[in-house]
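Engineer: Since each chain comes alone in its own frame, lean on the hints to assemble the complex.
So the protein sequences, as listed, match chains D and U. Counting along the first sequence from 1, when you hit position 93 you're at 105 in this note's numbering, and nothing is skipped either side. Counting along the second sequence from 1, when you hit position 50 you're at 91 in this note's numbering, and nothing is skipped either side.
Treat the hints with care, as some may be off.
[As the list claims (entries may be wrong)] These stretches of chain U come out as covered by chain D in the derived footprint (C-beta under 8 Å, 3 or more residues):
no., region
1, 104-118
2, 186-195
3, 212-221
[As the list claims (entries may be wrong)] Calculated lysine-lysine pairs in the BS3-like style (CA-CA distance at most 27 Å, straight line):
no., chain 1, residue 1, chain 2, residue 2
4, U, 64, D, 214
5, D, 14, U, 64
6, U, 159, D, 142
[What the hints assert, rightly or not] Residues of chain D clear of chain U, computed beta-carbon distances all greater than 12 Å:
no., residue
7, 53
8, 180
9, 256
10, 259
11, 266
12, 337
These are calculated hints, taken from the structure and not from any lab test. As the structure is a computational prediction, the values presented were derived from the model and not from experiment. Yeah, the Cβ is synthetic: ideal placement off N, Cα and C, and Gly gets one too.
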Amino acid sequence: MKKVINQAEQVVEEMLQGVVLAHPQYVKRVEGFDVIVRANAPVAGKVALVSGGGSGHEPSHGGFVGRGMLDGAVAGAVFTSPTPDQVYEAVKAVDGGKGVLLVIKNYTGDVMNFDMAAEMAEADNIQVAKVVVNDDVAVENSTWTTGRRGIAGTVFVHKIAGAKAETGASLEEVKAVAEKVIANVRSMGMALSPCTVPAAGKPSFTLAEDEVEIGMGIHGEPGTHRESIRSADETAAHLLDKILADIDFTAGDEVAVLINGLGATPLMELYVVNRKVAEILGEKGIQIAKTYVGNYMTSLEMAGFSISLLKLDAELKELLLAPADTPAFVQF
Amino acid sequence: MTLLNNPAIALIGAVADAIVQNKEFLTSLDAAIGDADHGINLSRGAEAVRAKAAASPNADIGALLKATGMTLISTVGGASGPLYGTAFLRAAAPAQGKTALDGETVKLMLAAAIQGIKDRGKATRGEKTMLDALEPAFEAFVQGLEAQKPLVECLEEATEAARQGVEFTKTIIATKGRASYLGERSKGHQDPGATSSTIMLAAITDFCRKAP
Numbered sequence: 013m014k015k016v017i018n019q020a021e022q023v024v025e026e027m028l029q030g031v032v033l034a035h036p037q038y039v040k041r042v043e044g045f046d047v048i049v050r051a052n053a054p055v056a057g058k059v060a061l062v063s064g065g066g067s068g069h070e071p072s073h074g075g076f077v078g079r080g081m082l083d084g085a086v087a088g089a090v091f092t093s094p095t096p097d098q099v100y101e102a103v104k105a106v107d108g109g110k111g112v113l114l115v116i117k118n119y120t121g122d123v124m125n126f127d128m129a130a131e132m133a134e135a136d137n138i139q140v141a142k143v144v145v146n147d148d149v150a151v152e153n154s155t156w157t158t159g160r161r162g163i164a165g166t167v168f169v170h171k172i173a174g175a176k177a178e179t180g181a182s183l184e185e186v187k188a189v190a191e192k193v194i195a196n197v198r199s200m201g202m203a204l205s206p207c208t209v210p211a212a213g214k215p216s217f218t219l220a221e222d223e224v225e226i227g228m229g230i231h232g233e234p235g236t237h238r239e240s241i242r243s244a245d246e247t248a249a250h251l252l253d254k255i256l257a258d259i260d261f262t263a264g265d266e267v268a269v270l271i272n273g274l275g276a277t278p279l280m281e282l283y284v285v286n287r288k289v290a291e292i293l294g295e296k297g298i299q300i301a302k303t304y305v306g307n308y309m310t311s312l313e314m315a316g317f318s319i320s321l322l323k324l325d326a327e328l329k330e331l332l333l334a335p336a337d338t339p340a341f342v343q344f
Numbered sequence: 042m043t044l045l046n047n048p049a050i051a052l053i054g055a056v057a058d059a060i061v062q063n064k065e066f067l068t069s070l071d072a073a074i075g076d077a078d079h080g081i082n083l084s085r086g087a088e089a090v091r092a093k094a095a096a097s098p099n100a101d102i103g104a105l106l107k108a109t110g111m112t113l114i115s116t117v118g119g120a121s122g123p124l125y126g127t128a129f130l131r132a133a134a135p136a137q138g139k140t141a142l143d144g145e146t147v148k149l150m151l152a153a154a155i156q157g158i159k160d161r162g163k164a165t166r167g168e169k170t171m172l173d174a175l176e177p178a179f180e181a182f183v184q185g186l187e188a189q190k191p192l193v194e195c196l197e198e199a200t201e202a203a204r205q206g207v208e209f210t211k212t213i214i215a216t217k218g219r220a221s222y223l224g225e226r227s228k229g230h231q232d233p234g235a236t237s238s239t240i241m242l243a244a245i246t247d248f249c250r251k252a253p
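One chain only, chain U, in its complex shape (with noise of 0.2 Å):
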């Protein structure tokens, strides 16, 4: 895949799309089990992202990234700007000076992205976040780069095990966020976090499939 800057730009545009045209269904799962602002606070994040993406079109794509994290940290607050915040401050390092992206170096920005979310959320899978999403796609990922797949298919692949995952976080009780304080009344609910973190790599996905 190659990634000039105006396709990042465009890619994060897709992804901040995604998100805002999700607002109101995320909103409505975090009702379920959190607070009712999920969709509301991504979505404020994802339009300043946006903003700021067009503003910079001479920068690579590490420097993108970092921008796009500190403006997630700086405009979504709640738990999801600081998580998905360093998860892209994370991933911009090992894109940093690159104009383009290959499979290897996109599987380093994933492991350093979930290791952020893990870093700064002392969670781990199985409690019922976005790790439930994010980690069984990486595993997908990574496996479909090993079988040598091209990069569009290892994210479909990725994608697909972050819905499974999605699929997964009804059948568990919360242990982290706020969804914690309803215990057994968190299951059959599907994670909000899980559920924004697939719409976002579904979007990369789309992206890519369709780029030229």
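Pulled out of the complex, with its shape left as it was, chain D reads as follows (with noise of 0.2 Å):
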């Protein structure tokens, strides 16, 4: 293992002290846990959102802290979920007495670890509402999972659902928009190698010098398959037809397109991919309302990337393109 890195267990708290001192506009640490909220919380008069995990798919989530996303995030170890008490001190920290959202992905220990610490804040009288996101088309949803993975998607939640909080809306509001983009958001990734968890010591996988594994999830968990190494259109292609298989996109509908990177891919990549993927929507007659490339939930170095699809109405699209100021996410 080779990593900046000074002992393997004082990474995320180290991590959080550097992220503090690079954004003191933004973020502030609640002392004495992996928390990050914005500087000015808890906000009066507004619903917060709070999401997390396991640490590693920075900037994911403590990046997206800020104006018009997120008002706090947990940072669990390396690829875990974080524990309910530091959940707990998060909602905390946040609820400016309209109640606080989590944005939760949908792997069973956050969902535990979130509805335990949303359990803890109830016994507090503070409105906690939750809600899973489950983008990963490369996961059959059935009965015989425990449904299907939340991945890059997730982004759009925090961005939408945080838009909407700013504008003074109610929390059963918030988390129906939340809920709505969870039902039109479309995630599926690949990966080139795979990462190092740095207390582990060790890559989670192994792939063959000209093989890639399709469908991983975001913690370096394998995928649905291995294959030979194809071009970036074929791969993209490849991506994009389960994900539009899986919702009903058609001609005219509008879109946003995430291309998101893993860790170790260049944007030189991810804007090759780019293009097909814009290629193929305008065969199809999808029109691309935005589109964002780069890196918003990595897996530690991982090499490869996600492509993500929302499809937009009227709502959501304002919502998108509302401002937005955090330090991984800034849009006016």
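Structural biologist: Structure below.
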């Protein structure tokens, strides 16, 4: 393992210190906890959004704390859900009296820990609502699984529900729009190389030189299958096919596109993918209202990318395009 | 079996040692079908639990187990933190105020722990989880108890049943947790949670066998 770290056990703590030092105008630390909140938290009279998950997905989630997106982010150990006491502290620190929406990705550990935190907050008379993001079409959504995974499409939930909360909407309204995003967002990814969790010290899986993993999650967990590497265009088309087959995207629809890097893929390659995605959508008569290309939800130094497509209506479009000002997402 | 305060702390220490010793093994099992952190997470919790127990020399067994459960919940994270944490919290209730345990109490503790895992994980046996080790272990334990076997023997039979449960998890598809996303690809691999449960049970059995 070759990493720019001190001790593996100190990675999350030292990262959080670095985040706060880099962005004091946006965020502050909840002392004694692995929690980052807005510098002006709690914001009175506004529904607050808290998200989080394992560390290693930077800039998710701390990078999206700021006006128009999250109010608080909870950092678990690398690739491990944060514990309920940490989530509970985040909820307490951001509650401005109008309630708190927890944005959870659909992993068993995240769901359980956030559920327990919600129970703790409710016992404190803090109004809490939860949504669970499950955008990954690689995973069969059947009664035989715990549902689909939540991956990069979660960024759209943060953006749109965050914008809704900024309008002064109620907790029910913010939750409803978050659920609308979840119903309309689909993603799928591929990996060219594994990543190494610092505490583990070795890669979480291995791939042959010419092999790629299709449909893996954002924690280095295996995907649906392995295959020989294909061109960027073929790979993009393959992922997009699965996404388009999953929800009714038809000519005339408007969508937002997110080409998300997993940590070690250069922007050059992400743009190459985006070119093909735009071309295919154009052929199908699907309008692109907004495209985002970059590292939004990474998996440490994994090489690869995911494509997310969000089907928009007038409300979602307006909220997507609304301003946001956070360390990792600025839009005017 | 008589477990005075210090032996109870030593027992918790022995279980923690077993988890730490198996850190890499559990993580490698998880890498095959999950996200490669089971051993790392449990070891982090085990170290915290050992420190907590050592700092509570006057606690009764119930109080020790409650502290263990809370410590696991607040240090482990992932799915195993809430699951094992809930299990220890639930097991604490029948042991409240006790400084020694008999077979009947251990039975109540095991039953409560398993119910806690079911409630928290919304899982049942046959889904490639820790329940596939713990439920057969419980049944074997109760059978031994009903046959009026000594407690250590009941525990030995329970551990053996848990080991067979782990073997069974190699033959089935995961339908809970991150391994469920793999579907058929999860077959052939033993479940990390069932394995860690068995390691803990084996450590308890071993400790009691050697206890004076």
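Engineer: Would you assess whether residue 53(D), listed as outside the interface, keeps its beta-carbon beyond 12 Å of every beta-carbon in chain U?
Structural biologist: holds, 22 Å
Engineer: With a C-beta cutoff of 8 Å, work out whether three or more residues of the region 186-195 of chain U approach chain D closely enough for the coverage to hold.
Structural biologist: violated (count 0)
Engineer: Take a quick look at residue 266(D) and tell me if its Cβ sits farther than 12 Å from every Cβ on chain U, holds or violated.
Structural biologist: Nearest chain U Cβ is 30 Å from residue 266(D), so the label holds.
Engineer: Does residue 256(D) really sit off the interface, with its C-beta more than 12 Å from all C-beta atoms of chain U?
Structural biologist: Per Cβ check, residue 256(D) is outside 12 Å of chain U; nearest 21 Å; holds.
Engineer: If we take the beta carbon of residue 337(D), is the closest beta carbon in chain U still more than 12 Å away?
Structural biologist: Fine: 30 Å to the nearest Cβ keeps residue 337(D) off the interface.
Engineer: Take a quick look at residue 180(D) and tell me if its Cβ sits farther than 12 Å from every Cβ on chain U, holds or violated.
Structural biologist: holds, 34 Å
Engineer: Going straight from one Cα to the other, do residue 64(U) and residue 214(D) come out at no more than 27 Å?
Structural biologist: holds, 14 Å
Engineer: Given the proposed pairing of residue 14(D) with residue 64(U), does the C-alpha separation stay at or below 27 Å?
Structural biologist: holds, 21 Å
Engineer: Run the distance test for residue 159(U) versus residue 142(D): straight-line Cα separation, threshold 27 Å.
Structural biologist: holds, 22 Å
Engineer: Given that the region 212-221 of chain U was listed as covered by chain D, double-check it with a C-beta distance under 8 Å for 3 or more residues.
Structural biologist: Since 6 is at least three, the answer is holds.
Engineer: Say whether it holds or is violated: residue 259(D) keeps its Cβ farther than 12 Å from all Cβ of chain U.
Structural biologist: holds, 19 Å
Engineer: Please check whether the region 104-118 of chain U has three or more residues whose CB lies within less than 8 Å of a CB on chain D.
Structural biologist: holds (count 5)
Checked against the numbered hints listed earlier, the structure breaks hint 2 alone; every other hint is satisfied.
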